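Make the full structure from the sequences, and use the hints.
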Amino acid sequence: MLTSTNTGFNAPITQGRDQTSCKCKYLLRKHQEVIGGSSIQWTTHFRLHRQLGSGGQGVVYLSECRGTDGFTLPIAIKVFSPDRYDDVRAYDEAMRRIADVAAHVAQIQHDNLLDVHDFIDRDRIRMMLMEWVDGYDLEKLLVPERLSGVEGRVSRSRWEYINRVLVTAGP
Numbered sequence: 000m001l002t003s004t005n006t007g008f009n010a011p012i013t014q015g016r017d018q019t020s021c022k023c024k025y026l027l028r029k030h031q032e033v034i035g036g037s038s039i040q041w042t043t044h045f046r047l048h049r050q051l052g053s054g055g056q057g058v059v060y061l062s063e064c065r066g067t068d069g070f071t072l073p074i075a076i077k078v079f080s081p082d083r084y085d086d087v088r089a090y091d092e093a094m095r096r097i098a099d100v101a102a103h104v105a106q107i108q109h110d111n112l113l114d115v116h117d118f119i120d121r122d123r124i125r126m127m128l129m130e131w132v133d134g135y136d137l138e139k140l141l142v143p144e145r146l147s148g149v150e151g152r153v154s155r156s157r158w159e160y161i162n163r164v165l166v167t168a169g170p
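Numbering (numbering that gives the first Met the number 0), first residue to last: 0 to 170.
These are computed hints drawn from the structure, not numbers from a lab.
The reader is advised that the hints may include incorrect statements.
[What the hints assert, rightly or not] Pairwise CB distance ranges (calculated):
#, residue 1, residue 2, range
1, L113, K29, 34 to 42 Å
2, D99, G54, 15 to 23 Å
3, E63, Q40, 20 to 28 Å
[Said to hold, decoys possible] Distance condition first, Cα-Cα at most 25 Å in a straight line; then the derived SDA-like pairs of lysine to any residue:
#, residue 1, residue 2
4, K139, R152
5, K22, T67
6, K139, I124
7, K29, Q40
Here the structure is a predicted model, which is why all the values come from computation and not from measurement.
Ideal Cβ placement from N, Cα and C applies to all residues, glycine included.
Given below as C-alpha cells:
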C-alpha cells in the first residue's frame, strides 16, 4: 500500500512500507511468479446476452468481459460462420485475412472506428471481440422514408456527403 509521496529531487516518487515486513508473503511470492515469467495465461468465459445482428459473415452478440473484483466490460462478439466457404482451407484463409485486417484496425484509435479487442478461436470457429456501442441500428435508420426526410433538411453538399459515406461505399 502506498503511504506517502516524497517530492525531493532524488527521492522515489512514492514510498510504502518495506516489502519484507509484509504479512502476505504468499501474495508476494505469487507476484514475483507473475512478473518473473515470460507469459500470462488465463481462461475467459463469455456469456452471450443477446443477438445484435446477423449477416453474410456470421452473427454478432452482446456479451460481457468479466474480470476480477466485479470488473465487467460490455463487448460485442462477432462469430464468423464457415457456411459460405467451400471447405475448411478456404475458411481458414479468409479468417487469416480478416485477422490481419483486425490487427491493423486494433492499432488505430479514432472516434469513428470501433476498438477491436481480440481475434480468437474456439474449436476453429473464429470470433472477433470488439467494443460495443449502444446506439441506433443503421438498418432501421437508413430506410428510404427517413433518408428522404434528412435530404430535405440539409444542404446539397451535406446530403451528398451523407449519401456517399453512410448509404453507399464510404469515404
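**Item:** Holds or violated: K139 to I124, with C-alpha atoms at most 25 Å apart
**Value:** violated, 29 Å
**Request:** Just tell me: holds or violated, for the beta carbon distance of L113 and K29 against 34 to 42 Å?
**Result:** holds, 35 Å
**Item:** Satisfaction of the hinted span 20 to 28 Å by the C-beta atoms belonging to E63 and Q40
**Value:** Holds: the Cβ-Cβ distance is about 21 Å, inside 20 to 28 Å.
**Message:** Hinted pair, alpha-carbon criterion (25 Å max): K29, Q40. Please report holds or violated.
**Reply:** Between K29 and Q40 the Cα gap is close to 14 Å, so the pair holds against 25 Å.
**Holds or violated: K22 to T67, with C-alpha atoms at most 25 Å apart** = Given that 25 Å is the threshold and the Cα spacing comes to 22 Å, the pair holds.
**Prompt:** Is 15 to 23 Å right for how far apart the beta carbons of D99 and G54 are?
**Reply:** holds, 21 Å
**Item:** Given pair status - R152, K139, alpha carbons within 25 Å
**Value:** holds, 19 Å
The structure is inconsistent with hint 6 alone, although it conforms to all the rest.
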